[in-house]
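Student: Sequence:
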Amino acid sequence: MTYCAGILVEEGLVLIADTRTNAGFDNISTFRKLHVVEVPGERVLGIATAGNLSISQSVLGLLREGVSVPGSELREKLVDAPTMFHAAQLVGHAVRQVRHEIGEALGEAQLSFDASFLFGGQIKGGPMTLYMVYSAGNFIECGLDAPFLQIGEHKYGKPILDRAITFETDLYNALKIGLISMDSTMRSNLAVGLPIDLLTIRRDSHMIGLSHRIEPGEPYFTDLSQRWSDALKAAHMAIPRPPY
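In this text, residue positions in the sequence shown follow this note's numbering: the first is 669, and each later residue adds one.
These are calculated hints, taken from the structure and not from any lab test.
All figures in this text were calculated on a predicted structure; none of them were measured in a lab.
Cβ atoms here follow ideal geometry from the backbone N, Cα and C, with glycine treated the same way.
Treat the hints with care, as some may be off.
Said to hold, decoys possible - Each computed SDA-like pair below joins lysine to any residue, with the alpha-carbon atoms no more than 20 Å apart:
#: 1; residue 1: K745; residue 2: H703
#: 2; residue 1: K901; residue 2: Y824
#: 3; residue 1: K826; residue 2: Y802
#: 4; residue 1: K844; residue 2: F753
#: 5; residue 1: K844; residue 2: E821
#: 6; residue 1: K901; residue 2: I848
#: 7; residue 1: K826; residue 2: G719
#: 8; residue 1: K844; residue 2: K792
#: 9; residue 1: K823; residue 2: W896
#: 10; residue 1: K823; residue 2: A859
#: 11; residue 1: K823; residue 2: E836
#: 12; residue 1: K823; residue 2: L900
#: 13; residue 1: K844; residue 2: Q894
#: 14; residue 1: K844; residue 2: L866
#: 15; residue 1: K826; residue 2: N841
#: 16; residue 1: K792; residue 2: E710
#: 17; residue 1: K826; residue 2: G861
#: 18; residue 1: K823; residue 2: S803
#: 19; residue 1: K792; residue 2: H874
#: 20; residue 1: K792; residue 2: E679
#: 21; residue 1: K826; residue 2: F889
#: 22; residue 1: K792; residue 2: F889
#: 23; residue 1: K844; residue 2: R881
#: 24; residue 1: K826; residue 2: L900
Unchecked claim - Label pairs and their computed distance ranges (CB to CB):
#: 25; residue 1: I907; residue 2: A777; range: 50 to 56 Å
#: 26; residue 1: H768; residue 2: E836; range: 41 to 47 Å
#: 27; residue 1: N806; residue 2: S879; range: 47 to 53 Å
#: 28; residue 1: E836; residue 2: I876; range: 30 to 36 Å
#: 29; residue 1: G771; residue 2: L858; range: 28 to 34 Å
Use the sequences and the hints to build the structure in full.
Tutor: Here you go:
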């Protein structure tokens, strides 16, 4: 299982993804799910993946090497997309191409075609955007009323984002709230776990602001987790008991 969150605020974009691919008493593995395409000064694009690892790897491979686009003999690469909307369409084409190539075989093996993507960033001359691409290749764009998108095991972390994130939230406060959302998910689901990869992009910078991996035992994240637990306990203790 996976949890990935993308937060789009006025100052820029935050992407956060865990790395756990299997979970059990004796079977835990990790794999990077947050990927970056960067041409400094011209574009920076982030992609977070959830679902079947073989599907997401195939989609990412096509985006690097070239996707067959309907109505064109050319194979288009993500690094050459002229706009973010066109780039999101390209991710959708790649998903559908992989489905066409292996979907039937997965069905015969009684496996579902399960993959979703958070895709965001900015290409020079255009706006910063964030999209969620579904397993059918269709996608939605992040809006100002709810300036975040999630994939994977999202239900435990969503209440944090619903209550705390607005479009005006400071970029590093958005990162902090995103990490609290991740910590809350990890507390409730053992299939989501460390290390955590994170990425920030400041609007109109066209370059990575921060790319970092949080490893087990990192002091800041450990402290954040403990402080959040203590704050929740203090908050519920401060609320009066029900009058009935």
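Student: Hint by hint, say whether it matches the structure.
Tutor: To see whether the hints hold, each was checked on the structure:
For the hint pairing K745 with H703, the CA-to-CA distance comes to about 15 Å; that is within 20 Å, so the pair holds. A threshold of 20 Å between alpha carbons decides the hint, and for K901 with Y824 the separation of about 18 Å falls inside it, so the pair holds. Proximity of K826 to Y802 is assessed by CA-CA distance (about 18 Å); at most 20 Å being required, the pair is judged to hold. Taking the CA atoms of K844 and F753, the gap is near 28 Å; set against the 20 Å cutoff, the hint is violated.
For the given pair, K844 sits about 19 Å from E821 by alpha-carbon distance, which is consistent with the 20 Å threshold. Between K901 and I848 the CA atoms are separated by roughly 15 Å; this keeps the pair inside 20 Å, and the hint holds. The hinted pair formed by K826 and G719 meets the criterion: a straight-line CA distance of about 18 Å does not exceed 20 Å. Distance check on the hinted pair: K844 and K792 sit about 27 Å apart at the alpha-carbon level, beyond 20 Å; violated.
A C-alpha spacing of about 18 Å is found between K823 and W896, which places the hinted pair at or below 20 Å, so the restraint holds. A C-alpha spacing of about 13 Å is found between K823 and A859, which places the hinted pair at or below 20 Å, so the restraint holds. Of the supplied pair hints, the one linking K823 and E836 is violated, its CA atoms being roughly 23 Å apart against a limit of 20 Å. A hinted pair counts as satisfied when its Cα atoms are at most 20 Å apart, and K823 with L900 qualifies at roughly 18 Å.
Restraint check for K844 and Q894: the C-alpha separation of about 14 Å stays at or below 20 Å, so the hint holds. A C-alpha spacing of about 11 Å is found between K844 and L866, which places the hinted pair at or below 20 Å, so the restraint holds. Annotation: proposed proximity of K826 to N841 holds, straight-line Cα distance about 16 Å (limit 20 Å). A distance of roughly 5 Å separates the Cα atoms of K792 and E710; the hinted pair therefore holds under the 20 Å criterion.
A C-alpha spacing of about 17 Å is found between K826 and G861, which places the hinted pair at or below 20 Å, so the restraint holds. Under the criterion of a C-alpha separation no larger than 20 Å, the hint pairing K823 with S803 is consistent with the structure, at around 19 Å. Taking the CA atoms of K792 and H874, the gap is near 7 Å; set against the 20 Å cutoff, the hint holds. With a CA separation close to 16 Å, the supplied pair K792 and E679 stays within the 20 Å bound.
Between K826 and F889 the CA atoms are separated by roughly 19 Å; this keeps the pair inside 20 Å, and the hint holds. For the given pair, K792 sits about 33 Å from F889 by alpha-carbon distance, which is inconsistent with the 20 Å threshold. About 14 Å separates the Cα atoms of K844 and R881, which keeps this hinted pair within 20 Å; it holds. The straight-line distance between the Cα atoms of K826 and L900 is roughly 16 Å, inside the 20 Å bound, and the hint therefore holds.
Distance hint for I907 and A777: a CB-CB separation of about 51 Å, consistent with the stated range 50 to 56 Å. The beta-carbon spacing between H768 and E836, approximately 43 Å, falls within the hinted interval of 41 to 47 Å. Distance hint check for N806 and S879: the Cβ-Cβ separation is about 29 Å, which falls outside the suggested range of 47 to 53 Å. Between E836 and I876 the CB atoms are about 23 Å apart, so this pair departs from the stated range of 30 to 36 Å.
Judged by the Cβ atoms, the range 28 to 34 Å given for G771 and L858 holds: they are separated by roughly 30 Å.
The earlier numbered hints that this structure contradicts are 4, 8, 11, 22, 27, 28.
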